[in-house]
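Chains A and B are the protein sequences, given in the same order. The opening position of the first sequence corresponds to residue 40 in the numbering used here, with each subsequent residue numbered one higher. The opening position of the second sequence corresponds to residue 37 in the numbering used here, with each subsequent residue numbered one higher.
No wet-lab data here; the hints were simulated from the structure. Hints may be right or wrong, so weigh each one.
Claimed, not checked - Over the 12 Å line for every Cβ pair with chain B, so calculated as not near, a few chain A residues:
no.: 1; residue: Gly-126
no.: 2; residue: Pro-213
no.: 3; residue: Ala-250
no.: 4; residue: Gly-293
no.: 5; residue: Ala-301
Said to hold, decoys possible - Cβ pair distances, simulated, as ranges:
no.: 6; chain 1: B; residue 1: Ala-401; chain 2: A; residue 2: Gln-263; range: 25 to 31 Å
no.: 7; chain 1: B; residue 1: Arg-164; chain 2: A; residue 2: Ala-84; range: 37 to 43 Å
no.: 8; chain 1: A; residue 1: Gln-263; chain 2: B; residue 2: Gly-161; range: 49 to 55 Å
no.: 9; chain 1: B; residue 1: Pro-93; chain 2: A; residue 2: Ala-130; range: 45 to 51 Å
Note that beta-carbon positions come from the ideal geometry of N, C-alpha and C, so glycine has one too.
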Amino acid sequence: MAATAGQPQADGAHRAELSASIEGIGFWAHGLPTWDAARACVAGAALPEGTPARPSPQLLAPNERRRAPESVAVALEVALAACSAAGRDPATLPSVFASVHGDLAITDYMCATLAVDPQAISPTRFHNSVHNAAAGYWTIGAGCVQPATAVSSFDATFAQGLLEALVQLQAGAPAVLLVAYDAPSAGPLSEVSRSAGLLGAALVLSQAPAAGRARIRCTLRDTQAPVPGGPLAALAGENAMAPMLPLFTALASGDDLACLHAGPGRALRVEISHA
Amino acid sequence: MPPLAISAYTATTALGRGREAQADALRARRGGLRRNDFADAALDTWIGRVDGLEQAPLPEHFARWECRNNRLAWLALQQDGLLDAIAGVRERFGAERVALVLGTSTASIGETEAAYAGLERDADGRSRFAPGMRRPIVHTPHSLGDFVQHATGLRGPCVTVATACSSSAKVFAQAARLIAAGVADAALVGGVDTLCGSVLYGFNSLGLVSTQACRPFDVARDGLSLGEAGGFALLERSTARKGRDHGALQLRGYGESSDAHHMSTPHPEGLGARLAMADALARAGIDAAQVGYLNLHGTATPANDAVEARAVSALFPDTLHASSTKGWTGHTLGAAGIVESIFALIALQDGLLPGMLNSSAADPACGPQIRFDNVDRVITHAMNNSFGFGGNNCSLVFGRSA
């Protein structure tokens, strides 16, 4: 049975429609360091040459840019790009950070160090190991006192993060920042917790319809989402956040429908009205 | 916000299994902390350990999720008739209309630590997890959410919130939004965190762990005691419980904020804490003076308690009874939000307002709201604060229906 939006419930409670305008998009993958590059890739263009090996998020001070964990770097890069595209001040936006694993290289470091010399744990790596590290650096860098959350739902992480962003709009937030990212796995963990390459994307979503902006309408369904395909999946399909790619492929190509894995036997159907 | 009915709740901590064990220990001022005897027990500190987890493996059909954290989740779920209450909402609303929003800080990273401690070398000399440890789900933050989803058969939105020590307070806010938006009619919220090397040695590396049982708001406090716990609450749209709600417990408000200050140190003026508390009061539509009990984050680190006391005295009248219960349970990290929300619910239901355990000399910097002794008093509203690394803050307001 579908949890269809927009229809009254038996007991009279209203089921609101989950919809939003997309005000801004950020994207980063190896070889595709911007949303424009990702759109060109979906349209069939060759990959740009000489792209950076890792993002250099301008929100951080130069020394922090180099020191930041890769997961934090990619999250902050796409978050700022989405805010810029939306023309929104990052300090004004509540945020939802969605990541399947957080930073697997730090998990590998923590577990490897604990196995040989637990007293040697680095305090900085420890506080960077929290799942909300990127959210923390973002709010600190942006001077943002708005709520920030960090969620995970295994291979359904993106759909569940999108759902939380949409219900925040329903609860009255004028606009919400959604940031999704995962980093490469490392060490013995990499055989079990699989994730390759660095991938991030961000959306600034707003409640009100806006001229020139695509609009999405989402419903949870009892169905299986197809395995992501297309040029973005060919490039970044080994990253743990790859289940988000069908939405970005559709946004880039002008398709009006994307189906996102939302849990066992569940999918989030996203209808897109392009601007 | 429209109030949400809390139709069932439970907690399992170092104080014991289930609600009554918590209430009894609070009333008797009997703490659950002990000298560190966990794993290598090398750190000189005190811990709030849940007894019996080593002897309580998951049932065979849950073998995929086997780990200390999910054992504690399973143990906690079996207390206070919670599984029956979950079955009830699953029947009433349909499994796909019940959301599952759980909080954890470290999930089952203890299992990943164990995998690294027991690595095997293959023919090529590569280090590999032992075969029994090659279970991807227990090595992700969603280990808890995935386990509880399968153990309860719920099919609504299912997500793990991992914002360090505010995680299982924020689950109430997220569940309230899912219900308000019509995505779900009810939600199982909660959180579980278990002792592991990462948190013991991690907090030790930051110099935040005391060698004594923690002393929240004591002038000589010198750090936290780590603990483990699991807890759950069932939230339902109040209109869905027509005629059965008189005097029933309710979630009345939530407030969330960011400090925008530092990854592991609170804002010196408690900016984020004040924003979260004020937002929760506003959403509940009540004045600060209507709050009868506030369960503080109160970790017993010098910084947290000073900042939190300042934020409380800026918002609340002197008559407020506010305390940290971490002297009983230790800091249960990602489970602190749910455990201390349940202590707030016990305060509402039983009129049992806990004071502080282990603390004896009040910090003169703290206001008169900070109370060391237990008090018996009927109250109408209770609050809980949970603050986490990254400057992540959440406050909750609970009340009773008219």
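Hint by hint, here is what the structure shows:
{"no.": "1", "hint": "Gly-126", "in the structure": "holds, 21 Å"}
{"no.": "2", "hint": "Pro-213", "in the structure": "holds, 15 Å"}
{"no.": "3", "hint": "Ala-250", "in the structure": "holds, 25 Å"}
{"no.": "4", "hint": "Gly-293", "in the structure": "holds, 28 Å"}
{"no.": "5", "hint": "Ala-301", "in the structure": "violated, 8 Å"}
{"no.": "6", "hint": "B:Ala-401 x A:Gln-263: 25 to 31 Å", "in the structure": "violated, 58 Å"}
{"no.": "7", "hint": "B:Arg-164 x A:Ala-84: 37 to 43 Å", "in the structure": "holds, 41 Å"}
{"no.": "8", "hint": "A:Gln-263 x B:Gly-161: 49 to 55 Å", "in the structure": "violated, 40 Å"}
{"no.": "9", "hint": "B:Pro-93 x A:Ala-130: 45 to 51 Å", "in the structure": "holds, 49 Å"}
Comparing the model with each earlier hint shows violations of hints 5, 6, 8; every other hint is respected.
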